[in-house]
Structures are given as structure tokens and as C-alpha cells.
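> Starting from the structure of chain E, add chain R where the hints point.
2 protein chains.
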Amino acid sequence: MGGDHGPPVAVAGAAEATRRLSGRPVRFLLHGDEARIEAELRRFEALRPLVEIRHTAQIISGEEKPAQALRRGKGSSLWNAVEAIRQGEAAAAVSGGNTGALMAISKLILRMIGSGLERPAIVASWPTARGVTALLDVGANIDCAASQLVEFAIMGDAFYRAVHAADPAYRPTVGVLNVGSEEMKGHEEVREANRLLRAGGFDFDYRGFVEGNDIAGGAVDVIVTDGFTGNIALKTGEGLARFFAASLKQSLTGDPLSMAGAVLAKGGLDRLRARLTPPGGGPLLGLNGTVVKSHGGTDASGFADAIKIAYDLAASRYIEEIGRNIERLSVALAPDATNNVVSEAKSAE
Amino acid sequence: MGGDHGPPVAVAGAAEATRRLSGRPVRFLLHGDEARIEAELRRFEALRPLVEIRHTAQIISGEEKPAQALRRGKGSSLWNAVEAIRQGEAAAAVSGGNTGALMAISKLILRMIGSGLERPAIVASWPTARGVTALLDVGANIDCAASQLVEFAIMGDAFYRAVHAADPAYRPTVGVLNVGSEEMKGHEEVREANRLLRAGGFDFDYRGFVEGNDIAGGAVDVIVTDGFTGNIALKTGEGLARFFAASLKQSLTGDPLSMAGAVLAKGGLDRLRARLTPPGGGPLLGLNGTVVKSHGGTDASGFADAIKIAYDLAASRYIEEIGRNIERLSVALAPDATNNVVSEAKSAE
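Protein chains in written order, with the working numbering: chain E, 1 to 349; chain R, 1 to 349.
Bound conformation, chain E alone:
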């Protein structure tokens, strides 16, 4: 068990996730130092019967490069958690450890779906005025061809349906992040992705270009972008949220009247905090298996979010759905694709 906080957060998170699943069956393989895990489990009696500990003293540090982790990581808690998926012992893995190592090891052990995907995409779920927007990729794929942006749309759609939609038959709305909504805006990759998505006949409801303000505005369910822009948008938002919280606190402690007001308004301010807090984890999408990264600095509640996301994904057929839509993309990208695309689009209607 890695992450900035290790076993205390992961074990408390598992206990919290069990409560949230309220009776739905769940079991945990806990990979890490047995003595430390046992010590934490004493605080959660109800969790004990659901848990099996897989001892390892080996860990991958936060500083290790992905290539090092691939060479030296075998037998570590992170490696063993992913390997348990391939062995059929676990339906999903959740880790708070080194993101680069988790991606490299997951790709090596589980492989990518289809042949078109080069790296897993990381998806972030943003709270919005209307619910949640899923934004991807937020980190792994820096330079993205148009076809990769289409793959992100395919993966984001399947993720959204499995995790955020109340009705599994819901058709998520999807947009491509750009600097304006007109067709001629932006660079070649987003314009080509827009053409492919309009022509493709995919399962989701493609809505064209969206802008940065549409992320928190909730204009569509899924927003796709390259990992460079997505990472910067995500971190810009995280920085701004921290600045808001600090400014709010400072404003409400600046004079006695405001302080008294803040005490009275505690209920409202607590609701605000709950509303603005994003889930504590996001999946690596595009793998033949469910791997969720919980944020390094998260608490037990955030780790429980990550477990819940992993559970919902593993209980869905999202990997099959991604595979099916990626087939359609291959058809659309084939040299003589025009006719095929048209008939695909018609048969999908």
C-alpha cells in the first residue's frame, strides 16, 4: 500500500466503501505490510471478515521512474494488486501509489484494449452545477493525434455510463475541448477529431466543441482533450478551488460580524465544501482490467470514492463497450471508410 498516507487511509477507506455499498457483496485483497495492515484493521471490526491480507514488504517509491518500476517493481504491493486482476482473483485494483509506475505496470500486465491505444488515459470527475463532468485525458498522453481524442471520447462515454449515470441505457453527451465552438477554431487535431466524431456513429451523443467554462458549467457529460491541456485545466481548477476556500475563510474571519455569520452559516458552508469536493480517485481507462488511482493526498472518504468507482466499473460492461466503439473507429479510419461510416451511422440510428 502506497500513497502519501499508506495503510491508515486505505483501510479506513475500505471500511467506508463497505458502508456505502450497503450490503452489496464486496471483498478486499489488501497488499502490503501485514503487521501495519493488521494494526489498522483493529479499528474496523466489521471489515475484518471481508479482508484477505497479501503480505509484501516491497514498495515502489513516489520518485521511481516508470522504467525503473517496470524493472524492479515485481513483488511490490502495486504490482501484486494489478497482477491479482490478471489472475482472476480481483475484479479491480485501487492504488494511491506512484501514478507513472501504476500506468506502466498496468499496461504491461493487463495490456491495452485493441491495438489503437498507446497509453491509459486518466479521467477526472468535476463537480458541476448539473452533476459531474468527466474530463480526460488529464495527464498521461501529452501529444495526441485526432484518433486518440476519439478514443478518449469512447472511453469517457463508457466510464460515465458505468459510474455516473443512474440509468445504464443513458446516452452521455460528449464534447471536444477547444478555444471556441465554431468548426474552424483550434488546431488540426481537434478539428479532425471533430470530423471523425461527427461521422463515426458511436454509442454516445456527440455535441461538438466546448470551451473551458463548460467544464464547471456542465454543458456536456464528457469532455475530451489531450493530456497536456487536460492536466493544466485540472490543476488550474484545483489551485483555484484551494484559493477560493482560503479566501472564503479569510473573508469570514476578517471582522466580528462576519465571524458570527460564519458560525450561523456552518451548515451551508459544510454543504458548499461537500459540493465542491471532487471524488478522490480516477480510473486508468483503456486497459483490459479496472485500475483506479486514488489521489496521493486523499483521506479515507476520497479513498472510498476510488473504491466505489472501481466497484461500479467492474460491475459494468464498460470494457466490452470500449472495444466495440474502437472497432467502429478503426472502420472510420480505414482508407476506403467513407461508405462504411455512412452505413454505420445509419444503422446506429
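Hints listed in this document are in silico derivations from the structure and should not be mistaken for laboratory results. Treat each hint with caution, since some may be false.
Which copy is meant is left open, so a pair is good if it fits within one copy or across any two.
Simulated pairs of lysine-lysine, DSS-like, Cα-Cα distance not exceeding 30 Å [to be verified]:
hint : residue 1 : residue 2
1    : K249      : K266
2    : K74       : K185
3    : K185      : K266
4    : K65       : K249
5    : K266      : K65
Structure of chain R alone, referenced to chain E:
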């Protein structure tokens, strides 16, 4: 006078700016419909002696493309405001009109500084925990070579010193926006820009890569990025600020106790709003002349911000400073530049 609100906002903004300049000399040429401007001026007696109206009935609409505006815009209020700079009648132009048209017309009439700059860059000033961060480019230049990113650093430095620094000898700190702070992170353009900035011997204090959370965190004074990423970061922040304000309002009206608290805390909440509101305008940088775009939807206070920025820029030597640093960049980019760069860097120390 264009912009979403036209003469009412611009005239009230000029009156407010005059108050803020508290006695420093200022005069206005107001370009637009004389009757409408006269009607607004009746509300601001003190402004009347500082104003000369330049009547034109011709306007450029918000929908007009830059190429159309160049062909048909001559004689419009926007065109005349920029032309007055070239004629030496005005030290700066402020416009709330069509951004693309303003950029194209400004470039045509005023020309870019030096030969390396292709388009003006738009700079946004973000409120942060420590003051203001200047972010550029936020819209005009979609695909940016490394040398353009360096030019943004040069322009952002001169802007920051003229507008945001209390001491004109202050050396602003500058960072390049990236997905991590390590040298090998990001795409080729940001890595090359990082090398050029480290070697260049410019006037500012270059600090290397920064991340999205550093924008609101205020890690450096000036953050440079390509116009695609910058536009998305800016609009992501704007969307989040709106969502935050709406959520705060909703949270504080959700129950009677919170409502009472919000009434008591009105002073603190007003301080919060003032603190989170960015200036209502940003300059187009890289031109041989000072042009400031006020945000289309801004109010009189925001328009006054734009006028104040234009005033501070015009009162500084920022255009000369940009020219001098761009010379240094040309030296650094010359094929046999290595020795020159080293001696430049030494002589700057």
C-alpha cells in the same frame, strides 16, 4: 463604441477611471455615436471637460470575421481609436469590441514590435493569494513555437512591471506552464523554450516550469503558455469562479440559519467578491502601441480597470523594453549563438 453594453459602460468607466487616477492628467477621445455619447455624458459633469467626441455611426459587429473587419472596418469607432494612436493623438486605445477585429486592425495599423512576433498576445491578470499572476497568451496564438513562448515571457515581464509592480525596478519572476516541474516533462516546444529562457540573459527572473495550480497559487508573477492552453485555463477558471459563486449563494440560502449568517457576514462576503474579481481588461501585447481589450460583458468598474491598465502601460517604457529583450532573443536564436548567449548571460549578472 462597441462591446456588449456600448456607451453607457464606456462613459461611466471613463468617469470612474478619472476618479481612480485622482488628479493625474488624462483626456479621452470618445469614438462613436455622438448623440448617444452626449446623452451618457449628462450623468458625468466632471468628465465633460476631459472629453472630445469623434463621431462615427459605423461599427464592427461581434460576429464579423477579422478579414471582413479589415476590409470594411475603416472609419468604424474601433478603427478610429487605434488610428488615433498612429496619428499621435492618443497614447492608448481601449475597446470592448470584437476581439479578433481589434487584433487584426491593431496589427495592420500599429505593426508588431520587431520581426519575430506574428500576432499580439492577450494577457490575463489573475487574482492570487499573493497578488496577481499575469498569464499569456490566452487566446490569439494557437500553435506556438518555442521562440514565441520566449516572446510571451518578454512581453509578460514588461507588462507586469508597468502595471502590477509598485517599484519600476522590480524584476518579475517568470515560469513556463507545463504538466510537471522536471526538465524532461511536457512537449518539445516547452522544453526548448525552457532551454532558451535559461540561456537568454533577459531582464526578468526565470524560474523554470510551473503547473496549473501555480496560476491561482501565485508561484510566479508571469506564466507563459500557448494560446490554446492559456485560453482553456482562463475559461476553466472563469467557469469555476461562476460555479463557486453560485454554489456559495445556494449554500447560504439553503436553511434559515445559514441565511441569517450570510446577512451578518455580508461585509466578509463583499470582500471575498472584490478579491476574486479579475481586472475587466487585458492588453494586446507585442504591438507598437498600447491597445487594451475590455471584457465584452464588463461593467463600468471593469472598463475603468482597462483604462487604468492602458494608462499605466502608456506611462511606462514597456515597448522599448520588449524591443530590447527581443533583440537578445534574436541573438540567442542565431545559428552560432552559443558563445554570445553565454557572454550575454554573464554580462547580465
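> Could you check the structure against the hints above and give me the numbers of any it violates, in ascending order?
As far as the earlier hints go, 3, 4, 5 are violated by this structure, in ascending order.
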